[in-house]
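Student: The chain contents come next:
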Amino acid sequence: MSRVRLPAIMALLLGSAMVRADIAVVTHDASHAVHLSRHQVINIFMGRYRQLPDGGLALPIDLVGLKDRFYRALVDRDLAEINALRARQVFSGQGSPPYQADAPEEVAALVLQNPGALGYVDAAGVTPDQQIVFMLHE
Amino acid sequence: MDGRRVRPVGAWRYLLSLLLSLLPVSAGAQALAGNEPLTVSGFGTLGVIHNSSSEAAFVRDLGQPKGAGEGWSARVDTLLGGQVDLKLNDRFDVTLQGISRYHHEGDFSPELTWAFLRYTPSPGWQLRAGRLGWDSYLFSESRYVGYAYPWVRPPVDHYGILQLDYIEGVDVTYRRPLGSGLAWAKLFAGRSTSHLVLSEALSAEMDISNLYGGHLNYALGPWQFRASYARADSDADFSVDREAFARNPRTLVLNTLIGRAFDYGAIELYSLGMTYEQGRWQVQAMQNRSTTDSEGVIDSGFVSLGYRTGQATPYVMFSRVRTSFPEIPAGESFRQRTWSLGMRYDVATNLALKTQLDRVHVIRPGLLWRETDADWEGDRITLVSLGLDFIF
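Protein chains in written order, with this note's numbering: chain A, 707 to 844; chain B, 4 to 395.
If you're looking for bench data, these hints aren't it; they were derived computationally from the structure. Virtual Cβ for every residue (Gly too), placed ideally from N, Cα, C. Certain hints may be false.
Covered by chain B, according to a simulated footprint, are these stretches of chain A (three or more residues, beta-carbon under 8 angstroms) [what the hints assert, rightly or not]: (1) 749-755; (2) 760-769; (3) 773-786; (4) 797-805.
Okay, the calculated beta carbon distance ranges per label pair [what the hints assert, rightly or not]: (5) A:A809 <-> B:M346: 34 to 44 angstroms; (6) A:D828 <-> B:P124: 30 to 40 angstroms; (7) B:S183 <-> A:R778: 15 to 25 angstroms.
A short list of chain B residues far from chain A (calculated; beta carbon distances all over 12 angstroms) [as the list claims (entries may be wrong)]: (8) S112; (9) S212; (10) D236; (11) R263; (12) L275; (13) R362.
Let the hints inform the model, and build the full structure from the sequences given.
Tutor: Here is the structure:
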């Protein structure tokens, strides 16, 4: 039995070492969005319905370096598919894509300055003034 | 015709200068600090098509005077679009869009497709006024944005007829969560002008007034459904090219009949559409019926199934159209069916290559084919298309 288990355990360990950190969807003021459901996060970032639970307008922010992983984990789409959906929205006059931030520091600054702003960062990099409203597991 | 060609350019200039004069006012009132208020973007397609038939030339829609005849042609699918979005403040924004493509004037002269002001009082409500896109059908508003869909072009059996380039008027959209999905409704009202080339010898300028309608949508998980209705009064001003008649007098009868079919006073359009996108699968389907006050009926629809694997999305599609105009002898109604097989390949996140094979069975010829003889009884036609779609 133990001979069979060892490779299985090793595979599990190797597998878990390859799992990357979770992605946290953050805002500054948690009163706007104490907790968001996966549906709400999808609606906001996919441009379908940008309303926060308190009725305010959500302002989503994409983090360029993390975008690929975020949308893969959120809706199982690659960036070409996301861009095709965005092209349909933008060029049919239905709305604008999320603001594109180049660095986590820019996300942090925007979230701090704008009450309805929602960004996403590596879960390990959440700062004390950011409130986590949704945790996305890869 | 010249006066009409100048007007859109004048409108562009006027609107642009108007917008530029608003810029300083808006600078302090952006939705997101650091966000640029002015966005310039665009889309385009380089497309070539090969037609196997020497008897009929293919057009993408009824606005195109000349088609793709036997051999290769870049005319029908190639286009370039540009868009300017200007955020005035949290609630107001302006969008302008222009497209250069081969159209009713017989050239690629750019047209102002949209120029509207949008008011968003809350996340659930949106009001727009100005020159708006026609979105009575799923994909109608983005039918020239090749990068947005898997096909080389949306199926002409449906999108080749009964489409408007724009409407001038107002619309209102309301969105709200419903059950575990999202529901939205849109109502619009306005007017439009549509230029149809019914054959080489006969074209019509349709003055479309009292245009109104709307649609109900529901998105639940991978599903999205749409039911829509629109109606309009229509006044057709036909113009006849006597030289074209003289070259091919046998088309006279056919043209008279086609002309009569489009000489209706009012039209109603009904449409049911759905999309399903789960994991790698993409399904789109639509069924439409349009009826005129002279008892004409146009039925069209399509089903498309795609599967994404890596950067490639192969797809298969079936579409058809069938018209029935009681004033016309039964044999003159237009019927055709198309099977399409193709593949989209995403080269980059702003560039897609496409290839598509269409096998069109023209059962009753009439619309959508150019340079046909009056005694052409239809045929099976093979089209091969290559396209490069980009966004910027």
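Student: It remains to establish, for every hint, whether it holds in the given structure.
Tutor: Cross-check of the supplied hints:
no.: 1; hint: 749-755; result: holds (count 3)
no.: 2; hint: 760-769; result: holds (count 6)
no.: 3; hint: 773-786; result: holds (count 4)
no.: 4; hint: 797-805; result: holds (count 6)
no.: 5; hint: A:A809 <-> B:M346: 34 to 44 angstroms; result: 37 angstroms, holds
no.: 6; hint: A:D828 <-> B:P124: 30 to 40 angstroms; result: 36 angstroms, holds
no.: 7; hint: B:S183 <-> A:R778: 15 to 25 angstroms; result: 23 angstroms, holds
no.: 8; hint: S112; result: 20 angstroms, holds
no.: 9; hint: S212; result: 23 angstroms, holds
no.: 10; hint: D236; result: 25 angstroms, holds
no.: 11; hint: R263; result: 35 angstroms, holds
no.: 12; hint: L275; result: 19 angstroms, holds
no.: 13; hint: R362; result: 26 angstroms, holds
Every hint, counting from the list given before, is met by this structure.
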